[in-house]
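Asks: Please put together the full structure from these sequences, using the hints given.
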Amino acid sequence: MLEKMELEFFTAFESLHLDFSPGVNLFIGANGTGKTHLLKLLYVALSTQREERKRESLERKLANVFLPQGKRLGRLAHRLKGGVTCKVHIIREGKLLDFHFTNHSQQRLKGYENHWDAGHSAVYIPVKEMLADAPGLLSLYNERQLHLEEIYPDIVQKAFLPPLKGRPSARRRELLELLQQIMAGKVMREGEQFFLKDERGELEFSLVAEGLRKIALLWLLIQNGTLLNGATLFWDEPEANLNPCLLKELVKILLHLQREGVQIFIATHSYVLLQLFELQATDEDKVRFYSFKRDASGRIISEESQWYQDVQDNAIGQAYDDLYNQKLAQLGL
Numbered sequence: 007m008l009e010k011m012e013l014e015f016f017t018a019f020e021s022l023h024l025d026f027s028p029g030v031n032l033f034i035g036a037n038g039t040g041k042t043h044l045l046k047l048l049y050v051a052l053s054t055q056r057e058e059r060k061r062e063s064l065e066r067k068l069a070n071v072f073l074p075q076g077k078r079l080g081r082l083a084h085r086l087k088g089g090v091t092c093k094v095h096i097i098r099e100g101k102l103l104d105f106h107f108t109n110h111s112q113q114r115l116k117g118y119e120n121h122w123d124a125g126h127s128a129v130y131i132p133v134k135e136m137l138a139d140a141p142g143l144l145s146l147y148n149e150r151q152l153h154l155e156e157i158y159p160d161i162v163q164k165a166f167l168p169p170l171k172g173r174p175s176a177r178r179r180e181l182l183e184l185l186q187q188i189m190a191g192k193v194m195r196e197g198e199q200f201f202l203k204d205e206r207g208e209l210e211f212s213l214v215a216e217g218l219r220k221i222a223l224l225w226l227l228i229q230n231g232t233l234l235n236g237a238t239l240f241w242d243e244p245e246a247n248l249n250p251c252l253l254k255e256l257v258k259i260l261l262h263l264q265r266e267g268v269q270i271f272i273a274t275h276s277y278v279l280l281q282l283f284e285l286q287a288t289d290e291d292k293v294r295f296y297s298f299k300r301d302a303s304g305r306i307i308s309e310e311s312q313w314y315q316d317v318q319d320n321a322i323g324q325a326y327d328d329l330y331n332q333k334l335a336q337l338g339l
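Just so you know, we're using my numbering here: the sequence shown kicks off at 7 and counts up by one.
Some hints here could point you the wrong way.
Said to hold, decoys possible - What follows is a list of derived Cβ distance ranges for each label pair: (1) S21 / R206: 51 to 61 Å; (2) G172 / Q332: 20 to 30 Å; (3) N235 / K203: 26 to 36 Å; (4) A215 / H153: 27 to 37 Å; (5) E180 / S311: 26 to 36 Å; (6) E180 / P74: 40 to 50 Å; (7) A321 / N235: 26 to 36 Å; (8) E216 / S311: 23 to 33 Å; (9) Q332 / E210: 20 to 30 Å; (10) A176 / Q286: 13 to 23 Å; (11) G304 / D204: 44 to 54 Å; (12) D327 / E210: 41 to 51 Å.
As the list claims (entries may be wrong) - Calculated lysine-lysine pairs in the DSSO-like style (CA-CA distance at most 27 Å, straight line): (13) K101 / K67; (14) K164 / K134; (15) K292 / K254; (16) K93 / K77; (17) K164 / K60; (18) K93 / K10; (19) K254 / K192; (20) K203 / K254; (21) K299 / K93; (22) K258 / K134; (23) K299 / K10; (24) K299 / K134; (25) K60 / K116; (26) K254 / K164; (27) K171 / K192; (28) K192 / K203; (29) K333 / K258; (30) K67 / K134; (31) K134 / K101; (32) K101 / K292.
Think of the hints as simulated: they come from the structure by calculation, not from any bench. None of the values given here were measured: they were computed from a predicted structure. The C-beta atom is built at its ideal place from N, Cα and C for all residues, glycine as well.
Replies: In structure tokens form, the structure reads like this:
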């Protein structure tokens with residue numbers, strides 16, 4: 007499990023210190039406060055630990071996920087006049103991953119220290135659903151120079167994994183059945199093309215609603231064993247293109263996954279999603295909320311709490327308060 011992260015001068019952040027929950031970690035804040043950058047950085051750190059040459063893999067993955075101009079890592083340093091040294095310090099299961107680079111760095115890290123074990127799988131689900139675009143994507147990405155964040159071919163590759171051998175556990179079967187009820191069908195694959203099969207037949211994913219394709223992706227990742235005990239899930243805006251009525255079921259599934267030992271990181275703009283986590287979580291569930299905002303000087307600062315209602319001055323809550331007050335004013339109250 008990821009336990010702690012400290013950053014200095016990384017992208018939007020001058021300084022940041024976060025202690026993580028082993029369960030669900032929810033990042034909230036206005037656009038441009040670095041939520042997606044944090045998800046990507048943690049994903050990059052975890053996803054390169056099974057490689058033989060970990061340092062070179064980390065350098066390559068940073069460049070391919072963030073896509074700085076010319077693959078120059080120095081462009082990921084915080085923008086200030088003069089020289090800047092970016093420092094990344096991440097603790098996982100009591101062990102350190104530490105690296106740094108300057109704003110003048112090219113494709114190499116200036117310092118690197120890694121005591122992590124290989125660990126389990128890391129999964130990044132981007133805002134845009136990719137299963138409808140899966141046919142031919144991996145071969146095209148591997149053979150051609152594409153300006154495409156590597157999170158997209160990564161998630162397609164994980165979706166292509168075949169199911170695990172043996173009978174699924176009772177908890178896993180329960181999750182798969184719940185997802186099938188939401189989709190009103192089961193996911194099938196022919197070659198590199200996905201279909202949703204129901205009582206009426208097979209419907210190719212290009213004709214399936216994007217919100218349901220997100221549910222289908224979660225079904226695939228649970229079925230093929232990618233999301234098992236010890237895995238880490240990063241999900242950027244799971245509410246995108248998903249009917250709010252389905253968010254209740256999605257939160258139920260995500261809480262089930264963290265009870266099974268999956269650590270989850272979510273960036274969201276959804277008030278409904280946040281409230282559902284607070285309403286559905288039990289005393290045994292480990293859920294933490296992180297709010298990011300800019301102070302008077304423009305620096306991004308963070309606040310964390312075990313309860314959404316205790317997070318002060320968050321952008322989502324403020325937007326809903328403003329809407330409520332406008333409605334009261336319209337009614338003359």
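Asks: State for each hint whether it applies.
Replies: Verification of the hints:
no. : hint                    : verdict
1   : S21 / R206: 51 to 61 Å  : 56 Å, holds
2   : G172 / Q332: 20 to 30 Å : 56 Å, violated
3   : N235 / K203: 26 to 36 Å : 29 Å, holds
4   : A215 / H153: 27 to 37 Å : 28 Å, holds
5   : E180 / S311: 26 to 36 Å : 31 Å, holds
6   : E180 / P74: 40 to 50 Å  : 43 Å, holds
7   : A321 / N235: 26 to 36 Å : 34 Å, holds
8   : E216 / S311: 23 to 33 Å : 32 Å, holds
9   : Q332 / E210: 20 to 30 Å : 43 Å, violated
10  : A176 / Q286: 13 to 23 Å : 21 Å, holds
11  : G304 / D204: 44 to 54 Å : 51 Å, holds
12  : D327 / E210: 41 to 51 Å : 43 Å, holds
13  : K101 / K67              : 21 Å, holds
14  : K164 / K134             : 16 Å, holds
15  : K292 / K254             : 18 Å, holds
16  : K93 / K77               : 18 Å, holds
17  : K164 / K60              : 20 Å, holds
18  : K93 / K10               : 14 Å, holds
19  : K254 / K192             : 20 Å, holds
20  : K203 / K254             : 24 Å, holds
21  : K299 / K93              : 21 Å, holds
22  : K258 / K134             : 22 Å, holds
23  : K299 / K10              : 20 Å, holds
24  : K299 / K134             : 25 Å, holds
25  : K60 / K116              : 14 Å, holds
26  : K254 / K164             : 25 Å, holds
27  : K171 / K192             : 18 Å, holds
28  : K192 / K203             : 5 Å, holds
29  : K333 / K258             : 32 Å, violated
30  : K67 / K134              : 20 Å, holds
31  : K134 / K101             : 33 Å, violated
32  : K101 / K292             : 21 Å, holds
Hints 2, 9, 29 and 31 from the earlier list are contradicted by this structure; the remaining hints agree with it.
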